[in-house]
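Engineer: Residue numbers (my numbering), protein chains in the order written: chain C, 1 to 393; chain E, 1 to 91.
Careful: at least some of the hints might be erroneous.
What the hints assert, rightly or not - Here are the in silico distance ranges between beta carbons for each label pair:
#1 E:His90 - C:Val45: 27 to 33 Å
#2 C:Leu297 - E:Ser7: 22 to 28 Å
#3 C:Arg310 - E:Val72: 39 to 45 Å
#4 E:Ala75 - C:Gly79: 44 to 50 Å
#5 C:Phe356 - E:Val17: 41 to 47 Å
Hints listed in this document are in silico derivations from the structure and should not be mistaken for laboratory results.
Fair warning: this is a prediction, and the values are worked out from it, not measured in the lab.
All C-beta atoms, glycine included, are put in the ideal place defined by N, C-alpha and C.
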Amino acid sequence: MTAATLALVVLVVALALVFDFTNGFHDTANAMATPIATGAMRPKVAVAVAAVLNLVGAFLSTTVAQTISGGLIKEGSGGVVIGPAIVFAGLIGAIVWNITTWYFGLPSSSSHALFGGLVGAAIVGAGFDSIDYATLFGKVIIPAVLAPFTAGIVAFLATRIAYSITRRHDGRPDGRRVFRVGQVFSSSLVALAHGTNDAQKTMGVITLTLVAAGLQAPNTPPQAWVITACAIAIGVGTYTGGWRIIKTLGTGLTAVKPAQGFAAEVSTASTILASSHLGFALSTTHVASGSVIGSGLGRRGSVVRWATARRIVTGWVFTLPSAAVVGAVAALLVKLGPAGIVIDTVLGIGFMIAVFLRARPERIDASSLEREVAAAGAAVHRPKKRDRRGAAA
Amino acid sequence: MTIDWLSFVTVFFASIVSACVVVALFATGIRLLATPPHGAGAGGAARDEEMDDVEGPQRPRLATTGAVVLFVLAAAGALYGIYLIIPALHP
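Just chain C, same shape as in the assembly:
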């Protein structure tokens, strides 16, 4: 193997870990937006819990995917060889799109971004014939349409049930605050499920790249350092917290109350677990967003902001094609040889820095979000019994 190939493999591994990191901070919101919005967990605590569970989840499930693209690209015998160069360009496309949607505070699927980047790079590298369009349609596009509706209906029903069971007609306290305790567990379950699913994807990308480069025997499990690195990358990403996306999902779509948040999280967990175990893969992001909207429709007197929902869905529609375009451009540059790869890397890093700098003035973080939740909570705050007695005395 030449030094150039080795350098490319190192670069791909580094980029894959960066992608894993963006995957983590993009998806913190799926589990933790609703418990943060209801005050069930303080923002810092919530992201810490999610980070630990993602880290642990990454170690729990390390089944290696057979193909990098999940069959989207005709890999293997008679098909395309997805070499490090295509994976490199695909990862650039995925990362650029993840950073862009983060800037706009849009929850979007990291798997779609990864697939999109790879598809774009493969089209440039091996032509339009290299894509399996039936799989693209049946395994990516149709599920993306079905996921939010499925989760929405589940969450709508679950929210209705939660409120009708706890509704009191005699004006006594209904104790719905206790749902916040349940939220801690339901959102943790979502975070754990996410860790087992998503870290595995990056492990697959790295492992298959190592196999392609002849550094690892085919059909062997991911190496220990790959598992550890992916687990840490997704954990740190999750802890960093995509606060902009948490804000959109937690407060932008609808005002989330404890009973509603619990119902939404249980619906997200149920739908994700059912989908990954009964063979119809659905994206965590699409499911979580659908649950929040469904629970908003299910609670009496709550308002769903459809303008925000439209923005999110627009982001979903553009995720695959946009990542594909960026991946394709990156793949074109790769064709220039080593110089192209250097240009790609510099442009990619430059883009990330530019977006972070642009985002700084309107920074959204744990403390700004906490103030917002506190302000919303102050309107309905009742002092504890002990405090009230103290005030009366």
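Chain C is already provided as a structure; the job is to place chain E on it using the hints.
Structural biologist: For chain E alone, kept in the frame of chain C given last:
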């Protein structure tokens, strides 16, 4: 085109049933915790329906026991979820 509609329908109903059962168990537990003490009259002024604490130990013991049982059942649902998440547990 390869859309497995049967497995989608399975996922759809499995999600509905599991989510609704867990939420119903937990909600019924909360409802039992909010059982008023024996002989208490109707509550007073209109209250905020979301943030009320249920205070005082005066609720019937049976209600407390029932609530605990239901919370444990809901937790069993969550544990089953963890079982499904970890592949090593179901070869």
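Engineer: Against each hint, give a clear statement of whether it holds in the structure.
Structural biologist: Hint-by-hint comparison with the structure:
1. E:His90 - C:Val45: 27 to 33 Å: 31 Å, holds
2. C:Leu297 - E:Ser7: 22 to 28 Å: 26 Å, holds
3. C:Arg310 - E:Val72: 39 to 45 Å: Once the Cβ atoms are compared, 42 Å apart, the range 39 to 45 Å for Val72 (chain E) and Arg310 (chain C) holds.
4. E:Ala75 - C:Gly79: 44 to 50 Å: At 47 Å between Cβs, range holds.
5. C:Phe356 - E:Val17: 41 to 47 Å: 44 Å, holds
In terms of the numbered hints stated before, the structure departs from none.
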